[in-house]
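Asks: The sequence shown begins at 926 in the numbering used here and counts up one residue at a time.
These are computed hints drawn from the structure, not numbers from a lab. Just to be clear, a hint being listed does not mean it is correct.
Claimed, not checked - Keeping only pairs whose Cα atoms sit at most 25 Å apart, straight-line, the calculated DSS-like set for lysine-lysine is:
id : residue 1 : residue 2
1  : K1423     : K1320
2  : K932      : K1015
3  : K1153     : K1135
4  : K1055     : K1015
5  : K1217     : K932
6  : K1055     : K990
7  : K1478     : K1423
8  : K1153     : K1332
As the list claims (entries may be wrong) - Taking CB as the label site, the calculated pair distances span:
id : residue 1 : residue 2 : range
9  : E1190     : T1347     : 34 to 42 Å
10 : R1463     : E1349     : 49 to 57 Å
11 : Q1339     : G1413     : 21 to 29 Å
12 : G1134     : R1368     : 37 to 45 Å
13 : L1487     : E1349     : 38 to 46 Å
14 : E983      : E1459     : 50 to 58 Å
Glycine included, each C-beta is placed from N, C-alpha and C at the ideal position.
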Amino acid sequence: MNSGEEKIRLSVAGLNCAACSLRIERALYGLPGVTFAAVDMAEGRIRLSLSKRGRTAEILESVRKVVNSIEPGAAVLDEGASDEPSGLPKGDMARLAAGAILWLAAVFLPLDEMPRIMLYTAAYLTAGVKVLAAVARNLRGGSLFDEFFLMSTATLGAFAIGDYSEAVAVMLFYEAGELVQNLAVDRSRRSIMALADIRPDTANVMESGKWRVVSAASVVPGRTVLVKPGEQVPLDGRILEGASSLDTSSLTGESIPQDVSAGMEVLAGSVNLGGAITVQVTSRYGDTTLSKGLRLIEEARESKAPTERFITSFARWYTPAVVVFAVLLAFVPPMIGLGDFRTWGYRALVFLVVSCPCALVISIPLAIFGGIGAASRRGILIKGGDVLERLSDVKAALFDKTGTLTKGVFRVTQVNPSSPFTEEELMEIAGAAERGSNHPIARAVASAAGPGKGEQGLIEELPGLGVRLDLDGVEILAGNASLLERNGVSVEGAWREKPGAVVHVARGGAYAGFIVVEDTPREQARTTVDRLRELGVRFVGMLSGDRPENVEKLGRELGLDLWEGGLMPADKLEHFRRIKQEVGGTTVFVGDGMNDAPLLAASDAGFAMGGLGADAAIEAADVVLLNDDPRGASEAVEIARRTRAIMRQNIAFALGVKGLVLVMGAFGVASMWEAVFADVGVALLATLNSARVMRYEGA
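I would like the entire structure built from these sequences, with the hints used as guidance.
Replies: Okay, structure coming up:
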């Protein structure tokens, strides 16, 4: 999709027909000005991309007409409108109850044949009026081979051969099963959306000397909001007054409350567990970390998984193929003397009932949507069903070191000046150079050096090396040994034996000394590695620009298969591609998203930890981990594998049962009762099975 296109997302209430969803999608593609259309029955959404020349209002009206013509029971809702209430429709329940009473009367009352047939007819029309109306509507539109046509043909055929009671009973069971199935889909849909849409609607804002409740969407950056105990933080901001504990589990999946105080950043959606705090808003409602995450979840459904695309294609030929076989089954055997038309006609009707692939068309997208929703509840944003499916088959995982397997919180532990420089001079020189850099190590040195004296100079960041500062015509270098040696400065001292990262400093071509900055491994790093191996990931390694000595030490502690240190960004990419080729399977990379964009893009699935603050990380990564916990990588793989297992179960179950009933029907063993179970019953069970992925609570 082009950047110049306008993207629109619409909610659809009452869309529970799988075949109708596919027909609506095909029809929307034919509208002028529509360049992309996707109808997601699992989520109850329509996604459109409109060309610049497309007039939005006219196209939206056309969308409503298309939906209404194909599925009159569905309604396209305006943005912000609420969906229909959950539950079984009372009108449909009353209609089915009336049909059931008429059917029972026809079965048990002592009636002559004609009154009994009339009661059966009344029961059939009462129970099947919606199905018959849909068939009439589709015939006018030139559309056949949907579930309504197949069910009406099968039951009317049963009427034609005199199986009145069975025809009515099958229609009743079908309609009742559809109601229960729609309820299950609706509840699953709502449960999934509830995992994600946790944005606060209101905020307490100071107006005219009083705190007033206003819409959170109306609050602009710079305003002050009050967050009372038990309330959600409405917008991203910085605490001005107060101290408290925040529950951020809905954002990051982290169950341990976070202690906060004045000056600290807080995120929208966090729940205040302690005292009242006042927060200065730093972002608009639509630009909060939470809103960015929700947009990622929304956009994730625009890319279908390979299995989902296969099911969509499969559904297009499966139904016509079964219908053709049913016609052959009805006429060929009697014509060659293998029985009468009534016997084979009934067997063909069994085929018609089984010929709708609803179980797969409904349950597969629902499982994928549920997997993405379950991941979001754990603070893992997966950008599409295709990404989720790739994660289910990971063979190798490579990690960055700093900020990923280590905490990335550095502190200066040693200052080693080289004569004639003193410690104070060394820190002053290093601080002047490092204040202009956002690298974690540079920030640690700058913080230890203090605020400085307001030096102004031209700074140049050198990826993988350090920084160069031109201060009043004097060159200052701060970085690794390679940086100084490339600029003709010899490094001195016993720095190679020092733990942690070593920052070498030079001024005016003279070596000023080195500073040792240390980081600590994350407690969850070993757990992450072990869990990946339990999940079948064959190769786990680390690629880092840190000193080889530090990288080797951490690699041995974590039990990695490979570790490489002292790598420039280009070296990292070269090593990654080599390992990916050697492993010969899906390879992922996990980094902090700061300097890893090439690796994130080159991997089969790239993870950016804590990446919602960096737009570049969001763009390059396939998975964004909202928290700073590498376990999100293993949890994403586990959720993906659970989702894949459920999809495979549904495919095997649906095709297995349908295939069995088709064979049994061909040999006269199965009746229409078994056939309607193979249609509606299997779809219902597959839907309930898909909902299981949402119950994932972590390893």
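Asks: If a hint holds in the structure, say so; if it doesn't, say that too.
Replies: Right, here's what the structure says about each hint:
1. K1423 with K1320: With a Cα-Cα distance of about 35 Å, the restraint between K1423 and K1320 is violated, given a limit of 25 Å.
2. K932 with K1015: The hint is violated at about 36 Å.
3. K1153 with K1135: 15 Å, holds
4. K1055 with K1015: 15 Å, holds
5. K1217 with K932: 16 Å, holds
6. K1055 with K990: At roughly 19 Å apart (the allowed maximum being 25 Å), K990 and K1055 satisfy the hint.
7. K1478 with K1423: 12 Å, holds
8. K1153 with K1332: 32 Å, violated
9. E1190 with T1347: 34 to 42 Å: Between E1190 and T1347, where Cβ atoms are some 37 Å apart, the hint holds.
10. R1463 with E1349: 49 to 57 Å: With Cβ atoms ~52 Å apart, the hint holds.
11. Q1339 with G1413: 21 to 29 Å: About 25 Å separates the Cβ atoms of Q1339 and G1413, which means 21 to 29 Å holds.
12. G1134 with R1368: 37 to 45 Å: Holds, at about 40 Å.
13. L1487 with E1349: 38 to 46 Å: 42 Å, holds
14. E983 with E1459: 50 to 58 Å: 55 Å, holds
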